[in-house]
Amino acid sequence: MSELFAFGTLGFRHITDPRGADHILFLLALAAIYRFKDWRECTWVVTAFTLGHSVTLALAVTGAVVLPSRVIEFLIPVTIVATALENLFVRDRSAALWGRRYRPVFAGVFGLVHGAGFANYLRSLFVDRIAVPLFGFNVGLEVGQLVVIALAFLSFAAIDRAIGVVVSASRRPDLGRPVRIRTLAVSVVVMSVASRWMLERYPW
Amino acid sequence: MVAARRWAAVGAILVLAFGVRATVADAHPLHTTLTELTTLPDGTPQLVVRVFLDDFSAAVTRRVPTPGAPIPMPADTAVARYVGETVLVSDGAGRRAPLVLAGMRRTDDLVWVTLRAPSVRSMTGAHLTMRVLFDRWDDQVNIVQSAVGGRRQTLLFTKHDASSPKPI
Numbered sequence: 000m001s002e003l004f005a006f007g008t009l010g011f012r013h014i015t016d017p018r019g020a021d022h023i024l025f026l027l028a029l030a031a032i033y034r035f036k037d038w039r040e041c042t043w044v045v046t047a048f049t050l051g052h053s054v055t056l057a058l059a060v061t062g063a064v065v066l067p068s069r070v071i072e073f074l075i076p077v078t079i080v081a082t083a084l085e086n087l088f089v090r091d092r093s094a095a096l097w098g099r100r101y102r103p104v105f106a107g108v109f110g111l112v113h114g115a116g117f118a119n120y121l122r123s124l125f126v127d128r129i130a131v132p133l134f135g136f137n138v139g140l141e142v143g144q145l146v147v148i149a150l151a152f153l154s155f156a157a158i159d160r161a162i163g164v165v166v167s168a169s170r171r172p173d174l175g176r177p178v179r180i181r182t183l184a185v186s187v188v189v190m191s192v193a194s195r196w197m198l199e200r201y202p203w
Numbered sequence: 000m001v002a003a004r005r006w007a008a009v010g011a012i013l014v015l016a017f018g019v020r021a022t023v024a025d026a027h028p029l030h031t032t033l034t035e036l037t038t039l040p041d042g043t044p045q046l047v048v049r050v051f052l053d054d055f056s057a058a059v060t061r062r063v064p065t066p067g068a069p070i071p072m073p074a075d076t077a078v079a080r081y082v083g084e085t086v087l088v089s090d091g092a093g094r095r096a097p098l099v100l101a102g103m104r105r106t107d108d109l110v111w112v113t114l115r116a117p118s119v120r121s122m123t124g125a126h127l128t129m130r131v132l133f134d135r136w137d138d139q140v141n142i143v144q145s146a147v148g149g150r151r152q153t154l155l156f157t158k159h160d161a162s163s164p165k166p167i
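As they're listed, the protein sequences go chains Z and B. Each residue of the first sequence is one higher than the one before, counting from 0 in numbering that gives the first Met the number 0. Each residue of the second sequence is one higher than the one before, counting from 0 in numbering that gives the first Met the number 0.
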């Protein structure tokens, strides 16, 4: 196995491991507002997240910046809660600041925080040759994220269909559109879990 | 409307229950070791294993360190016993080669464990099994970078394939 592929595998496993839910929850929060037809926009947002965490990962691993891990561990659930809150409160993104383009920007900024999460660990382990492992790890993370998003879209489609059936059967159109109901439900669940982490990891 | 509120209440209760069940253990660390496998000038294979002290100490001593307390280096005899159980090198004939603990040092929170297999003189047909910390973490991944006979390769060992030796 080549070094690049090996570290790509490591990144893929890391992001898709359901036992470590923080990145998966963040991706779910990011994807919660989209339908399958929005896949291009969602891919941009996820790629912006990858770019963000690649930047911090590279800076931290090479020693250009040193980040306090306790603060970073606290900030990771903060980014998840903030994303979920944005899902809950912004109904019309076309009327929001920068239209729909602001989401990739904040995904990139939040990616900076997530990248710092495992930077300290990688820096300790890879004290010498880092370029290929780091690049491979990031490629693996990106592929893993796209797989998580694809699975989320499949689940969301099924959930939307089920909600649509329930709403139609209830003859209550005022209950709202299935996408909006699903967005609210996913965001509230994600926010609930991340809020707990936020309290537990409070560093001061 | 009453039914909708009821469903909302049930949903809120479920959400709270789910949130409360989440623990700090759900943080997302990478459980990895990095090993460099080379041969000495006389052909003896040498492995230098980099492993985080907290996990390694807990695995070797079978005691989880107290959070915040300083973690001492585990004793050589305990380390030799542990790596003897978890790092396996076999020669071309399939015979298991005894490993010798050749050194151990610490840099910050990392331990560097140097192992040698003096009974092996040729790496042709040799195999390696690396099960370090599989007893501690289900998602442990052990990376081995080998540079033997001018050939470089990277091996990944996971708990899933823990019993399969890999050709070096």
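Take these hints with a grain of salt, some might be off.
What the hints assert, rightly or not - Residues from chain B that face chain Z, not an exhaustive set, calculated with beta carbons under 10 Å:
id, residue
1, Pro28
2, Thr31
3, Val50
4, Leu109
5, Arg115
6, Phe133
7, Ile142
8, Gln152
9, Leu154
What the hints assert, rightly or not - Not close to chain Z: a few residues of chain B, all C-beta gaps over 12 Å, as computed:
id, residue
10, Ile70
11, Arg80
12, Arg94
13, Pro97
14, Leu100
15, Ser121
16, Asp134
17, Ala161
For the record, the hints were derived by calculation from the structure and aren't laboratory data. All values reported here derive from a predicted model rather than from experimental measurement. Virtual Cβ for every residue (Gly too), placed ideally from N, Cα, C.
We went through each hint and held it up to the structure:
{"no.": "1", "hint": "Pro28", "in the structure": "7 Å, holds"}
{"no.": "2", "hint": "Thr31", "in the structure": "6 Å, holds"}
{"no.": "3", "hint": "Val50", "in the structure": "9 Å, holds"}
{"no.": "4", "hint": "Leu109", "in the structure": "5 Å, holds"}
{"no.": "5", "hint": "Arg115", "in the structure": "21 Å, violated"}
{"no.": "6", "hint": "Phe133", "in the structure": "15 Å, violated"}
{"no.": "7", "hint": "Ile142", "in the structure": "6 Å, holds"}
{"no.": "8", "hint": "Gln152", "in the structure": "6 Å, holds"}
{"no.": "9", "hint": "Leu154", "in the structure": "6 Å, holds"}
{"no.": "10", "hint": "Ile70", "in the structure": "14 Å, holds"}
{"no.": "11", "hint": "Arg80", "in the structure": "24 Å, holds"}
{"no.": "12", "hint": "Arg94", "in the structure": "26 Å, holds"}
{"no.": "13", "hint": "Pro97", "in the structure": "27 Å, holds"}
{"no.": "14", "hint": "Leu100", "in the structure": "21 Å, holds"}
{"no.": "15", "hint": "Ser121", "in the structure": "23 Å, holds"}
{"no.": "16", "hint": "Asp134", "in the structure": "16 Å, holds"}
{"no.": "17", "hint": "Ala161", "in the structure": "15 Å, holds"}
In the structure shown, a violation is registered for the earlier hints numbered 5, 6, in ascending order.
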